[in-house]
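S.K.: Chains as they are written, first to last, in numbering that gives the first Met the number 0: chain A, 0 to 302; chain B, 0 to 327; chain H, 0 to 353.
Do not rely on the hints blindly, as some may be mistaken.
[As the list claims (entries may be wrong)] EDC-like mimics (lysine to aspartate or glutamate), calculated; alpha carbons at most 20 angstroms apart, straight line: (1) B/Lys19 - B/Glu303; (2) H/Lys337 - B/Asp252; (3) B/Lys101 - B/Glu303; (4) H/Lys177 - H/Asp101; (5) H/Lys209 - B/Asp192; (6) A/Lys300 - H/Asp101; (7) H/Lys209 - B/Asp288; (8) H/Lys209 - B/Asp252; (9) B/Lys195 - B/Glu205; (10) H/Lys5 - B/Asp215; (11) H/Lys337 - A/Glu268; (12) A/Lys81 - B/Asp168; (13) B/Lys305 - B/Glu65; (14) H/Lys209 - B/Asp197; (15) B/Lys305 - B/Asp288; (16) B/Lys219 - H/Glu339; (17) A/Lys81 - H/Glu339; (18) B/Lys195 - B/Glu150.
Note that these hints are calculated values from the structure, not bench results. None of these values were measured; they are calculated from a predicted model.
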Amino acid sequence: MINILSRAILMSTPLLLGATAEVFAEKAGIMIIAIEGLFLLGAWGGFVGVYLTNSYATGFLLAAALGAIAAMVYGYITIYLKQHQIVTGTALNILIAGLVAFFHRVIFGIPLLPLTIEPLKAIPIPLLHKIPVLGKVLFNQNPLTYIAFLIAPLGFFILFRTSLGLIIRSTGENPEAVDVAGLKVERIRFTVTIVAGVFGAIAGSFYSVVYLGMFTNTIIGGRGWIAFAICFLGNWNPLGAMVGALVFGIAEAVAIYMQSSGQIQLPNELFIALPYILTIILTLTRKNFNVPSKLGIPYLKGN
Amino acid sequence: MEFVKEFRNKGYAVVFISHKLQEVMHIADRIIVMRNGQISGILKKEDTNEKELSRLMIGKEIAPIEMTARKYKGTMLEVKDLTVFSKQGHKALNSISFNIEKGEILGIAGVSGNGQQELGETLSGLHEQINGKILLDDIQIESFTVRECIESGIGYVHADRHTAGLVLDMSLRENLLLKNSYNKNWSRKTVIDNNKLDTYSREIVENYSVKTSGIDSPMKGLSGGNQQKVVLGREVSIGEKLVIFDQPTRGLDLGAIEYVHRTILAERDKGKSILLISTELSEIFALSDRIAVLYNGRILKIMEKKDATTEEIGMLMAGITKEQTNEA
Amino acid sequence: MKHNAKDLILSTLLSVFAGLFVSGLLLLFLNKNPLIAYGKLFSFLFRDGYTFAEIFVKATPLIFTALAFAFTFKASLFNIGAQGQFYMGAVTVLAVSQLFGDRVSSLIALPIIFLSSFIAGGLWGAMVGYFKARFKANDFLVSMMSVYIALAFMNYLLRTVLIESKREYPQSDPIAEKLFMPVLVNGTRLHIGFILAVIIAILCWFLLYKTTIGYRVRVVGQNPVAARFAGISAGRVSILAFFISGGLAGLAGFTEVNGVQHMLVQGFNPSIGAEGIGIAILANANPIGIIFGSLLFGALKVGGSILGQTSGIPSSIIELMEGFVMIFVILSYYFRRKIELRRNIHSLMNRKSL
Numbered sequence: 000m001i002n003i004l005s006r007a008i009l010m011s012t013p014l015l016l017g018a019t020a021e022v023f024a025e026k027a028g029i030m031i032i033a034i035e036g037l038f039l040l041g042a043w044g045g046f047v048g049v050y051l052t053n054s055y056a057t058g059f060l061l062a063a064a065l066g067a068i069a070a071m072v073y074g075y076i077t078i079y080l081k082q083h084q085i086v087t088g089t090a091l092n093i094l095i096a097g098l099v100a101f102f103h104r105v106i107f108g109i110p111l112l113p114l115t116i117e118p119l120k121a122i123p124i125p126l127l128h129k130i131p132v133l134g135k136v137l138f139n140q141n142p143l144t145y146i147a148f149l150i151a152p153l154g155f156f157i158l159f160r161t162s163l164g165l166i167i168r169s170t171g172e173n174p175e176a177v178d179v180a181g182l183k184v185e186r187i188r189f190t191v192t193i194v195a196g197v198f199g200a201i202a203g204s205f206y207s208v209v210y211l212g213m214f215t216n217t218i219i220g221g222r223g224w225i226a227f228a229i230c231f232l233g234n235w236n237p238l239g240a241m242v243g244a245l246v247f248g249i250a251e252a253v254a255i256y257m258q259s260s261g262q263i264q265l266p267n268e269l270f271i272a273l274p275y276i277l278t279i280i281l282t283l284t285r286k287n288f289n290v291p292s293k294l295g296i297p298y299l300k301g302n
Numbered sequence: 000m001e002f003v004k005e006f007r008n009k010g011y012a013v014v015f016i017s018h019k020l021q022e023v024m025h026i027a028d029r030i031i032v033m034r035n036g037q038i039s040g041i042l043k044k045e046d047t048n049e050k051e052l053s054r055l056m057i058g059k060e061i062a063p064i065e066m067t068a069r070k071y072k073g074t075m076l077e078v079k080d081l082t083v084f085s086k087q088g089h090k091a092l093n094s095i096s097f098n099i100e101k102g103e104i105l106g107i108a109g110v111s112g113n114g115q116q117e118l119g120e121t122l123s124g125l126h127e128q129i130n131g132k133i134l135l136d137d138i139q140i141e142s143f144t145v146r147e148c149i150e151s152g153i154g155y156v157h158a159d160r161h162t163a164g165l166v167l168d169m170s171l172r173e174n175l176l177l178k179n180s181y182n183k184n185w186s187r188k189t190v191i192d193n194n195k196l197d198t199y200s201r202e203i204v205e206n207y208s209v210k211t212s213g214i215d216s217p218m219k220g221l222s223g224g225n226q227q228k229v230v231l232g233r234e235v236s237i238g239e240k241l242v243i244f245d246q247p248t249r250g251l252d253l254g255a256i257e258y259v260h261r262t263i264l265a266e267r268d269k270g271k272s273i274l275l276i277s278t279e280l281s282e283i284f285a286l287s288d289r290i291a292v293l294y295n296g297r298i299l300k301i302m303e304k305k306d307a308t309t310e311e312i313g314m315l316m317a318g319i320t321k322e323q324t325n326e327a
Numbered sequence: 000m001k002h003n004a005k006d007l008i009l010s011t012l013l014s015v016f017a018g019l020f021v022s023g024l025l026l027l028f029l030n031k032n033p034l035i036a037y038g039k040l041f042s043f044l045f046r047d048g049y050t051f052a053e054i055f056v057k058a059t060p061l062i063f064t065a066l067a068f069a070f071t072f073k074a075s076l077f078n079i080g081a082q083g084q085f086y087m088g089a090v091t092v093l094a095v096s097q098l099f100g101d102r103v104s105s106l107i108a109l110p111i112i113f114l115s116s117f118i119a120g121g122l123w124g125a126m127v128g129y130f131k132a133r134f135k136a137n138d139f140l141v142s143m144m145s146v147y148i149a150l151a152f153m154n155y156l157l158r159t160v161l162i163e164s165k166r167e168y169p170q171s172d173p174i175a176e177k178l179f180m181p182v183l184v185n186g187t188r189l190h191i192g193f194i195l196a197v198i199i200a201i202l203c204w205f206l207l208y209k210t211t212i213g214y215r216v217r218v219v220g221q222n223p224v225a226a227r228f229a230g231i232s233a234g235r236v237s238i239l240a241f242f243i244s245g246g247l248a249g250l251a252g253f254t255e256v257n258g259v260q261h262m263l264v265q266g267f268n269p270s271i272g273a274e275g276i277g278i279a280i281l282a283n284a285n286p287i288g289i290i291f292g293s294l295l296f297g298a299l300k301v302g303g304s305i306l307g308q309t310s311g312i313p314s315s316i317i318e319l320m321e322g323f324v325m326i327f328v329i330l331s332y333y334f335r336r337k338i339e340l341r342r343n344i345h346s347l348m349n350r351k352s353l
């Protein structure tokens with residue numbers, strides 16, 4: 000049981016990071032449809048950085064840098080050139096998949112054995128990890144998990160309790176007002192998108208650097224979309240995203256447990272599909288969403 | 000208004016853009032008249048009057064429209080104790096009753112937001128939360144859907160033609176199909192009868208003198224007045240029995256306004272019933288046979304035009320009835 | 000109008016060229032000469048009849064998935080779940096084909112299988128439309144999620160009830176030879192599915208632009224408020240559009256199983272859904288343009304994979320080319336709009352000066 004909970008927290012890490020990034024961007028009016036690609040790019044960048052330099056810091060930095068570049072491309076096309084976000088995001092997802100596979104080959108050729116790195120280890124927090132049950136579940140995790148669970152409340156605070164957050168939210172709700180106040184709507188959106196890109200990529204790097212210690216082209220397998228969904232289900236609130244990420248973390252942990260224990264005779268595929276089924280069910284049952292009113296709509300002056 | 004004047008008196012320069020001549024005459028020192036993107040006159044206020052301004056605006060003087068005597072008998076629309084609930088659950092219309100005869104224009108005066116939009120929409124089948132009865136030509140229609148309302152001959156010129164009346168990215172001819180797409184006359188086994196639609200589109204363009212490069216040109220390329228003519232043409236042919244005009248001249252120039260007014264009167268003279276909703280009292284007075292005042296979801300009074308005065312209607316629009324004034 | 004059509008074709012061609020150019024530059028990282036590589040890719044395509052025919056074979060399912068995206072796109076709906084609807088179609092035609100075996104004449108069986116793929120994909124798609132209409136669910140999200148569920152469902156069936164008689168691999172037995180789609184050119188894999196795809200694309204164009212059903216789909220897409228005032232139910236349109244869209248994607252299952260693979264393997268053709276979106280964007284969601292866009296992507300796939308086998312260039316070059324072409328096409332939307340605006344202003348000025 001403790002193992003399952005501990006693993007749930009672990010598995011919810013990237014979803015929480017990704018969803019929080021998505022919340023920020025969407026609050027400013029930009030849907031990051033490229034999030035699946037950002038996850039993949041981050042997973043690859045993280046892996047390459049760690050593999051080549053043996054340093055986790057380089058790995059995360061490389062992931063973050065690649066995420067920022069991809070987000071700039073996405074932001075430039077959708078915010079400044081005002082092209083369709085879903086269309087652009089889909090194109091970028093395909094392109095990133097191609098680029099990652101291509102450069103993986105350029106750098107590593109065709110290795111005979113799968114390349115691996117040492118996954119980032121858990122760091123128990125002094126004293127706290129000794130608390131029975133809770134200590135093991137909450138305070139014996141890897142650094143990325145701690146960061147994710149600090150960033151979500153911090154994100155909530157920034158978004159709903161600071162003037163910076165007010166500006167971001169206004170940009171998604173009423174860009175005209177932001178414009179009239181003398182702020183540049185497009186610059187705000189672009190900046191938020193880049194920050195979201197950085198965190199989206201770091202979220203993706205979880206899968207290669209923290210979880211598996213290797214990289215494959217299918218490593219993300221739709222988890223970027225789940226982070227995207229959690230942003231919706233969490234009602235565009237980082238704390239809501241935290242709840243959502245935990246629910247999915249538990250689902251994933253239970254699925255892994257069921258698969259490995261083989262105690263219950265249910266098809267394996269059901270567990271694989273569970274997070275996706277869960278997303279649809281939750282989408283149907285959640286009512287009264289606080290959709291940012293200008294979500295996905297480019298800002299045109301004088302309109 | 001007073002704010003603008005005050006602002007000017009402090010020594011600031013003001014550019015005041017309006018098509019309301021009274022406003023301009025009231026506020027301006029100098030007046031520039033523009034037509035089709037060109038300046039057609041620069042005048043001092045002291046040296047001009049509304050008539051001259053309107054002549055410069057439309058290029059010719061508008062002849063005042065004369066209304067002929069009513070020729071038809073019998074009731075077309077009967078509304079009994081109609082209550083409409085808004086989405087928030089409050090009463091947008093509160094047990095109103097009225098009727099419109101054949102070949103009659105009932106003007107609905109009132110400050111906007113007092114239930115006018117809900118009235119037009121309810122008669123077009125857009126509201127479901129309603130109590131009361133609506134009879135069109137002795138047929139009960141209060142539970143009709145939008146489609147059934149269209150099929151039973153109710154045309155509706157909505158106040159907001161851009162969002163409710165037109166698909167701006169579609170062509171003129173496709174916009175004429177908008178409310179007829181379920182009508183079997185316009186298609187054979189769902190295949191659109193293009194010959195018929197073309198003929199009809201050309202008719203509308205010609206009859207309403209719509210200025211356009213062709214029936215396939217996109218709607219968004221037309222001027223506001225010409226867009227409204229297309230809506231008018233479509234709704235008038237749908238509304239064989241009743242046509243609802245909600246703010247039909249909002250945002251139009253004087254030439255187009257006159258055209259719209261003539262169209263409304265012509266439809267009345269064909270024996271149709273017309274519900275004219277407008278916040279412009281001059282429009283209500285120019286076109287109505289009878290005038291009703293809508294205030295806060297209620298009809299405060301219905302009167303013959305000859306018995307109505309601007310003063311009384313103005314008071315009613317503010318919610319002040321005669322009894323109240325007498326008491327005071 | 001004429002100008003705009005010319006712009007559209009010219010700018011699309013330029014974008015394709017730019018996309019290929021940039022992907023070519025990346026080949027320098029592998030110390031490959033892009034010119035030689037593209038020269039090879041091109042000559043491979045015409046190497047022999049078989050290879051050339053492969054372009055059409057690869058284009059066939061792409062036409063269907065691109066049409067699937069385009070059809071809902073016209074209603075401002077987003078079906079990015081064509082991959083899943085394709086899987087549902089594929090697994091259904093396989094099951095129906097196994098059921099028929101060689102007992103029924105192909106003249107009767109094939110049309111039924113065809114219909115079953117459309118209905119299976121259509122119902123899976125209509126689910127998204129229904130959720131959208133009934134619960135205001137986000138169609139983009141739900142259709143995306145439905146892909147993974149369909150994949151899991153197909154994999155489950157292939158591991159259990161549909162597994163081959165040897166029970167060795169999670170794949171099906173081949174279907175009866177009778178139920179193979181007729182081959183068009185002997186010695187190639189080109190089957191009548193391609194003709195079917197072209198016909199269906201033309202039918203889609205007809206449905207969208209010549210019928211009241213397509214008209215209503217477009218009205219809802221362009222102005223849902225006006226649709227409501229015209230008595231057009233956005234909900235019903237969204238269910239219908241998703242049904243047709245899903246059905247189109249399902250048809251790809253029919254042509255792939257009965258036309259090409261003649262069996263079903265876990266997780267096959269994993270990228271035709273995304274590629275379909277790319278093609279639909281490339282073709283500006285025009286059904287006829289989609290035929291040509293699919294042929295282009297088909298050619299890239301065939302040429303790219305031969306390049307991978309012979310020249311040590313990874314087959315990920317295919318996705319690279321596709322991705323860059325898409326990005327440049329999106330950029331061309333922007334520039335075309337600018338040119339169009341400038342031309343409109345010019346023509347207005349000219350009219351005034353006359």
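S.K.: Please go over all the hints and tell whether each is borne out by the structure.
M.R.: Evaluation of the provided hints:
no.: 1; hint: B/Lys19 - B/Glu303; in the structure: violated, 27 angstroms
no.: 2; hint: H/Lys337 - B/Asp252; in the structure: violated, 30 angstroms
no.: 3; hint: B/Lys101 - B/Glu303; in the structure: holds, 15 angstroms
no.: 4; hint: H/Lys177 - H/Asp101; in the structure: holds, 6 angstroms
no.: 5; hint: H/Lys209 - B/Asp192; in the structure: holds, 9 angstroms
no.: 6; hint: A/Lys300 - H/Asp101; in the structure: violated, 66 angstroms
no.: 7; hint: H/Lys209 - B/Asp288; in the structure: violated, 44 angstroms
no.: 8; hint: H/Lys209 - B/Asp252; in the structure: violated, 36 angstroms
no.: 9; hint: B/Lys195 - B/Glu205; in the structure: holds, 15 angstroms
no.: 10; hint: H/Lys5 - B/Asp215; in the structure: holds, 18 angstroms
no.: 11; hint: H/Lys337 - A/Glu268; in the structure: violated, 49 angstroms
no.: 12; hint: A/Lys81 - B/Asp168; in the structure: holds, 18 angstroms
no.: 13; hint: B/Lys305 - B/Glu65; in the structure: holds, 14 angstroms
no.: 14; hint: H/Lys209 - B/Asp197; in the structure: holds, 13 angstroms
no.: 15; hint: B/Lys305 - B/Asp288; in the structure: holds, 8 angstroms
no.: 16; hint: B/Lys219 - H/Glu339; in the structure: holds, 14 angstroms
no.: 17; hint: A/Lys81 - H/Glu339; in the structure: holds, 16 angstroms
no.: 18; hint: B/Lys195 - B/Glu150; in the structure: holds, 18 angstroms
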